[in-house]
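Trainee: Residue numbers (my numbering), protein chains in the order written: chain A, 8 to 531; chain B, 196 to 341.
Because the hints were derived from the structure by calculation, they are not lab data. Treat the hints with care, since some could be wrong.
Have a look at the derived ranges for each label pair, beta carbon to beta carbon [claimed, not checked]: (1) B/253 - A/363: 51 to 61 Å; (2) B/254 - A/503: 27 to 37 Å; (3) B/327 - A/402: 24 to 34 Å; (4) A/359 - B/291: 39 to 49 Å; (5) B/310 - A/316: 23 to 33 Å; (6) B/276 - A/478: 27 to 37 Å.
For lysine to any residue, the following SDA-like pairs were computed, each having C-alpha atoms within a straight-line distance of at most 25 Å [as the list claims (entries may be wrong)]: (7) A/463 - A/531; (8) B/319 - A/469; (9) A/477 - B/208; (10) A/462 - B/334; (11) A/463 - A/477.
Per the computed footprint, the stretches of chain B lying under chain A, defined by three or more beta-carbons under 8 Å from a beta-carbon of chain A, are [as the list claims (entries may be wrong)]: (12) 205-219; (13) 246-253; (14) 268-282; (15) 287-293; (16) 301-315; (17) 322-336.
C-beta: ideal position from N, C-alpha, C; glycine also.
The chain contents come next:
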Amino acid sequence: MGIAKVTNYVTLTNPLVPSDVKLVKVTKVNYDRTLNTVTVSKWGDDIWELLHDAYNDGKTYFGFGLYDFPVAFYSPYYELGANMHGINIPTHSLESYTLGRYDVPNFVGMGLYIGVDTTGERPEYVFISKPAFVINNEAFPIPDERVPIMLDLNRTSGYYENNLLMPRTPINRRRYVDYYFRDYPNYTDEGVPTEVNGFPYGPDDSGESRPTDGGDMVDDSEPIGVDEIRTLFAGNLFRVYKLNTTGLSELSNFLLSPEFLDNIKKLFNDPMDYLISLTAMPTAAFTGINSSVKIGNVNTNISCTQLSNFFVDVDCGSIAIPQYFNAYLDYSPYTSISVYLIGCGVVPLNVDMFVGGHIYLKYRVDALTGQCLAFISNDNGLVSTHSGNLAYHIPLRSKDYSEMFSGVMTMTGGVIGGDYASASAGFMQTEKGIFKPHIVQGGAFSGNTSIMCNKKPYIIIERPTISIPKNYAHNIGFNSQIYSVLSRLHGFTKVKEIHLDNVIATREEKAELERLLKNGVVLP
Amino acid sequence: MVVNCYNTASDAADVNKSLTLVKTVNLEVKGTNNLMDAELTITNPANVNFNYVQIMDAPYNGRYYFVSPETTTFNGIVVLALHEDVLMSLKGQFLNEGAVIDRQENEGNLFLIDTEFPVENRNKIFFKQFPSGFDTGLTYYLTVGG
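Use the sequences and the hints to build the structure in full.
Mentor: Right, dumping it as C-alpha cells:
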C-alpha cells in the first residue's frame, strides 16, 4: 500500500470534525521481534484517566492499524483483564499493554487505531500518537506524515473474530489524523489518499493514465539562499564612522573650532570638502573597529567606530503563515498578503508561495548610500527582493540642503488609500463572480521619508469570510473529483459521470438511475 | 402478485430506505414494458395504509415502488399509481459501479475551487509583526575622504 505525503487534509477545526474532541498523545510503541509482540508503553500522564472514562463510556476502542484495518484490537466490550485471543491484558494496567502477536511485515508502519462507538453522538476522544517504534531495542521514529490515527466519524463499532475486526456497521468515514492534528478527508478503505506525481489525487482504483502523461512531474526544486555579504574594498579613499548623538555633538563643536580650521585650511580651501556625507539610519548594526574620527590628517579624538565593512545584514526574523482554512481559500486570489517594508513601503506578495510555511525577511543595508535591499524568502528559499533607502541625509552645508530638496526627497507610488489608476488594471474575478479591485496600498519610500515610518516590518493578510450552513456536507457535499466505486462512499454523493454497463435493467431504468445519481443521492 | 407493503419516511434520495413492513398481500398489478410505472388495484380503500411497495413476482423481481399519493377510486376500487424507486431496486448492482464523483459528503477535496462554497464578500484583515526590525533610535554615519 503506497503511503505518501498527503496534502489534501482538513483540520480538526473543520466543521466536519467535532471541535471538542479530547486529544491524547502516545509516546512509544515497542515491538519485540523475538516474542513477536507489540507493547504500548509510556503513555501520556493523563491517558489513564481518559482511557478509564472511555472504557466506562463503552464507546471507544483502540488497537494497531495497518492504515485501513486494525490487525490488533482491544475494546472495552471485552472486560479488562480478560484473556482475549491469548492476549492477557492486566486489569487497570495501562502502563504497558501487550496487544498481540503479529508478523513483522504486518506491523511495520502501523499506527494506533482508535475507533468510537456508533452509539455516541460524536467521538469522545481522539488519540494522537507519534510513537517511536522500537523494534528489538532499535528505535525507528516514524515520520509525522506516516503516523496514522483514525478518527472514526461514523462511530462504528465492531467485534474481534479470527484476528480480524468485524464491524457491526460498515467501517466508513474513518479519518487519519496526523501529529499536527490534520485530517485526511479523502480516505476510503483503499487507504490513505496517495499523492501521485505531485497531484493530491484521492484514492483511485481505475489504473488509468493520469492527465499528467507527457511530463515527468518531478518536484526537483532547489533552495535558493541569500549570498554572504562581500567586503567592499575602498582602500584609503574614504572612511565611514559610526557616531552616537554625543559623538555627533562633539564633532560639530570640533568642526567649528579655530584649531581645526587652521589645520585643515593648509590642505583645502574649504575644510568641508573633506566631509563627504553625514547620514542618520535606524540601525546600529554596522560593525568595525574602535577608533577616533580623523578628518584629513587631523585627529579629532572623538571616539567612534570605523566601519570595517559598508554592508550589514539586519535579520527581521520570520512569521508563520499557517493554513487558515486548509482549503483553496488559503491561496490566491482569495487570500492575499502584503508586507510593509521600512524603506520600501507596502508591497504585495504572492500568497501561494508562503501559505503553510513562513515568510522570512532580511535586509542588507549600505552604509555609504543608505540603500537597502529587503530579501523575502519562504521555507524553500529567496522569492523576491525590494530596494529602498533608509538614510536621512543631514545637510553639511546650505548647498546640500537645496540638492536634497530637489532630488532626494521623492516618494513613488501611492500612499495608503489607494492607487486607483493601477486598481483599474488589477481587478480580479473570483469564482463567485465577485469583483475585487487590487488596490496598491503603499509605494516605495526613498530618501529621507523612510525615517518617519514604522521601524518594525509587518505583514497584512486579507482572508475571505466563510459562512457554512449547518449540515452543508450532508446536503450539498464538498467538491470531490475522485474516481471511486460507489460502495466505498457513504453519505451524500453527486456523480459527475458514470457508465452503468454492468447494471441489468431497462433503458428507462438506467436513464432514471443516472439522472438521480447526477442529482445527488445518499449512499448507505 | 405477491406485494410487500411498507411505510417509509426516508428521503427519496436515500439509496437505503428504512422500511416498516405493513403487510404482505396478493394483488393485481398492471405494469408497463419499461417496469418503471405500474398500477395496483385494491378493493378496500381502508387498506391503503402504506406508501411504498415491493413487487416480488416476475417480471418485477423484487423491484421497489413509491406509491403515488394521487389515487383513483372507481366503484369502491382504489387504483394506486406506482413509480419505481430505481435506487432501491438496483442498488445491488449500481453500487459496484465506478464513477467520477462530483460532490461528496466525506470525500471532499477542499483544495479544489468550489463555487458552491459559501464565501462572504467581506474579508478579514490580519496584521502580524516580524519579531525584530530596525532601531527606533538613529545612528549617525559620517563619511570622510582620504
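Trainee: For every hint, state whether the structure bears it out.
Mentor: We went through each hint and held it up to the structure:
Between residue 253 of chain B and residue 363 of chain A, the C-beta spacing of about 60 Å keeps the proposed range 51 to 61 Å intact. At roughly 32 Å, the beta carbons of residue 254 of chain B and residue 503 of chain A sit within the given window of 27 to 37 Å. At roughly 31 Å, the beta-carbon separation of residue 327 of chain B and residue 402 of chain A lies within the given 24 to 34 Å, and the hint holds. Evaluation of the 39 to 49 Å hint for residue 359 of chain A and residue 291 of chain B yields a pass: the beta carbon distance comes to about 40 Å.
At roughly 55 Å, the beta carbons of residue 310 of chain B and residue 316 of chain A sit outside the given window of 23 to 33 Å. Checked against the hint of 27 to 37 Å, the pair residue 276 of chain B and residue 478 of chain A passes, with Cβ atoms roughly 32 Å apart. Distance check on the hinted pair: residue 463 of chain A and residue 531 of chain A sit about 56 Å apart at the alpha-carbon level, beyond 25 Å; violated. Straight-line distance between C-alpha atoms of residue 319 of chain B and residue 469 of chain A comes to about 6 Å, which keeps the hinted pair within the 25 Å bound.
Distance check on the hinted pair: residue 477 of chain A and residue 208 of chain B sit about 19 Å apart at the alpha-carbon level, within 25 Å; holds. The suggested pairing of residue 462 of chain A with residue 334 of chain B holds, with an alpha-carbon distance near 13 Å, which does not exceed 25 Å. For the suggested pair residue 463 of chain A and residue 477 of chain A, the alpha carbons sit about 42 Å apart, so the restraint of at most 25 Å is broken. By the rule of at least three residues with a Cβ nearer than 8 Å to a Cβ of chain A, the coverage given for the stretch 205-219 of chain B holds, with 5 such residues.
Counting residues of the stretch 246-253 of chain B whose beta-carbon sits less than 8 Å from any beta-carbon of chain A gives 0, not enough to reach three: the coverage restraint is violated. Look at the stretch 268-282 of chain B against chain A: 3 of its residues bring a Cβ nearer than 8 Å to a Cβ of that chain, three or more, so the hint holds. Under a criterion of three residues with beta carbons nearer than 8 Å to beta carbons of chain A, the stated coverage of the stretch 287-293 of chain B is upheld, 6 such residues being counted. Beta-carbon proximity to chain A at under 8 Å applies to 15 residues in the stretch 301-315 of chain B; the threshold of 3 is reached and the given coverage holds.
For the stretch 322-336 of chain B, the assignment as covered by chain A holds, since 15 residues bring a beta-carbon within under 8 Å of that chain's beta-carbons and 3 suffice.
Of the numbered hints given earlier, the model fails hints 5, 7, 11 and 13; all others are met.
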